[in-house]
Every structure is written in structure tokens, then in C-alpha cells.
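Trainee: As numbered in this note's numbering, the sequence shown has no gaps in its residue numbers, which increase by one up to the final residue, 129.
By construction, these hints were calculated from the structure, which means they are not laboratory data. Keep in mind that the hints are not guaranteed to be accurate.
[Claimed, not checked] Below are the BS3-like pairs computed for lysine-lysine, each with C-alpha atoms no more than 25 Å apart in a straight line:
| no. | residue 1 | residue 2 |
| --- | --- | --- |
| 1 | Lys-65 | Lys-8 |
| 2 | Lys-83 | Lys-105 |
| 3 | Lys-129 | Lys-83 |
| 4 | Lys-129 | Lys-105 |
| 5 | Lys-65 | Lys-126 |
| 6 | Lys-65 | Lys-6 |
| 7 | Lys-106 | Lys-129 |
| 8 | Lys-95 | Lys-129 |
| 9 | Lys-105 | Lys-115 |
| 10 | Lys-65 | Lys-105 |
| 11 | Lys-122 | Lys-95 |
| 12 | Lys-95 | Lys-65 |
| 13 | Lys-126 | Lys-83 |
| 14 | Lys-122 | Lys-105 |
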Amino acid sequence: MRLAHKRKVQQKLQKHIKAVVANIQATKKAKPVAEKNVAVVPAAEKVVAQKQVVAKQVDVALTPKQQQVLDIVISNADGINPKGIGLAAGQEEAKAASWATGALKKLLDEQLVVKEQLAGNKVIYKIFK
Numbered sequence: 001m002r003l004a005h006k007r008k009v010q011q012k013l014q015k016h017i018k019a020v021v022a023n024i025q026a027t028k029k030a031k032p033v034a035e036k037n038v039a040v041v042p043a044a045e046k047v048v049a050q051k052q053v054v055a056k057q058v059d060v061a062l063t064p065k066q067q068q069v070l071d072i073v074i075s076n077a078d079g080i081n082p083k084g085i086g087l088a089a090g091q092e093e094a095k096a097a098s099w100a101t102g103a104l105k106k107l108l109d110e111q112l113v114v115k116e117q118l119a120g121n122k123v124i125y126k127i128f129k
């Protein structure tokens, strides 16, 4: 490896490390936002439940793709398969299922969605309750 190239790589690595440290310090300084309490009324309970779902989304850092997949799953309360998620997001039919699986794995790890096994190899995803 050329010495100049090695120096350049090391310099980029140092910049990356400094940026990561700055991000960590910035997130430690950020204060959580207090939520307002809503009067207990049957209609207000639904609003509170929706705010809790939104707060849950805020607590977990989601990429735009993961957020899009989560929105599609939320809009289909009866459950949706990965191919349906990909098609709803505007992907080609051949790539739809594989496009959605990466985001679905992260959402499963964070327990935002639930995976339900149907007959054979059929799977649907529903919102976690």
C-alpha cells in the first residue's frame, strides 16, 4: 500500500470517529420532550393510544424505508405479507418481497410488528399490540 494512500485512509477514519463521538455527545445532551396528559374520555383514549405508538416510533431510530414499511403495516390492520408491502411501496413485483424483508427484520427486533406464520411458508406481519 502506498504511504500517501495509507495516510489518506487514516485521516478519513479519524474524521469518522470524531463525527461519531460528536453525535453521541449531542444525543446525551438532548432532553426528552414531556407529553401532555389528555382528559380520560373514550375518544381521548384512542388519541392517547395513537400518541403512544408515535412515541414508540420516536424512541427507536428508524430509517425512512423502515418507517415507510411500518406505515404500510399499520394501514393494513388485518396483516400483510412482504410482497404486499413491497408492492404498496411501489416496488417491482419481482423485487417486492426482498425489498421489504430487511426493514421487517429490524421492526421485528424492535417489537414494532409481529410475524404470524400461516399455512406452509406463508407469513403475514401485523402491528404489535
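Trainee: Starting from Lys-105, check that the Cα of Lys-115 is at most 25 Å away, please.
Mentor: 10 Å, holds
Trainee: CA of Lys-65 to CA of Lys-6, is that 25 Å or under?
Mentor: 35 Å, violated
Trainee: Next pair to validate is Lys-65 with Lys-126; report whether the Cα-Cα distance is within 25 Å.
Mentor: 17 Å, holds
Trainee: Straight-line Cα separation of Lys-106 and Lys-129 no greater than 25 Å?
Mentor: Holds. Lys-106 to Lys-129 sits at ~17 Å (cutoff 25 Å).
Trainee: Holds or violated: Lys-95 with Lys-129, Cα cutoff 25 Å?
Mentor: 29 Å, violated
Trainee: Taking 25 Å as the top limit, are the C-alpha atoms of Lys-65 and Lys-8 close enough?
Mentor: 33 Å, violated
Trainee: Does Lys-83 lie within 25 Å of Lys-126 when you go C-alpha to C-alpha?
Mentor: 14 Å, holds
Trainee: Would the pair Lys-83 and Lys-105 pass a check requiring their Cα atoms to be no farther apart than 25 Å?
Mentor: 14 Å, holds
Trainee: So if I understand the rule, the pair passes when the alpha-carbon distance is 25 Å or less; does Lys-129 with Lys-83 pass?
Mentor: 23 Å, holds
Trainee: Please work out if Lys-95 and Lys-65 have their alpha carbons no farther apart than 25 Å.
Mentor: 15 Å, holds
Trainee: Within a Cα-Cα threshold of 25 Å, do Lys-122 and Lys-95 meet the stated pairing?
Mentor: This hinted pair holds, its Cα atoms lying about 17 Å apart.
Trainee: Compare the distance between the alpha carbons of Lys-122 and Lys-105 with 25 Å, and conclude whether the hinted pair is satisfied.
Mentor: Judged against 25 Å, a Cα distance of about 16 Å means the pair holds.
Comparing the model with each numbered hint stated earlier shows that hints 1, 6, 8 do not hold.
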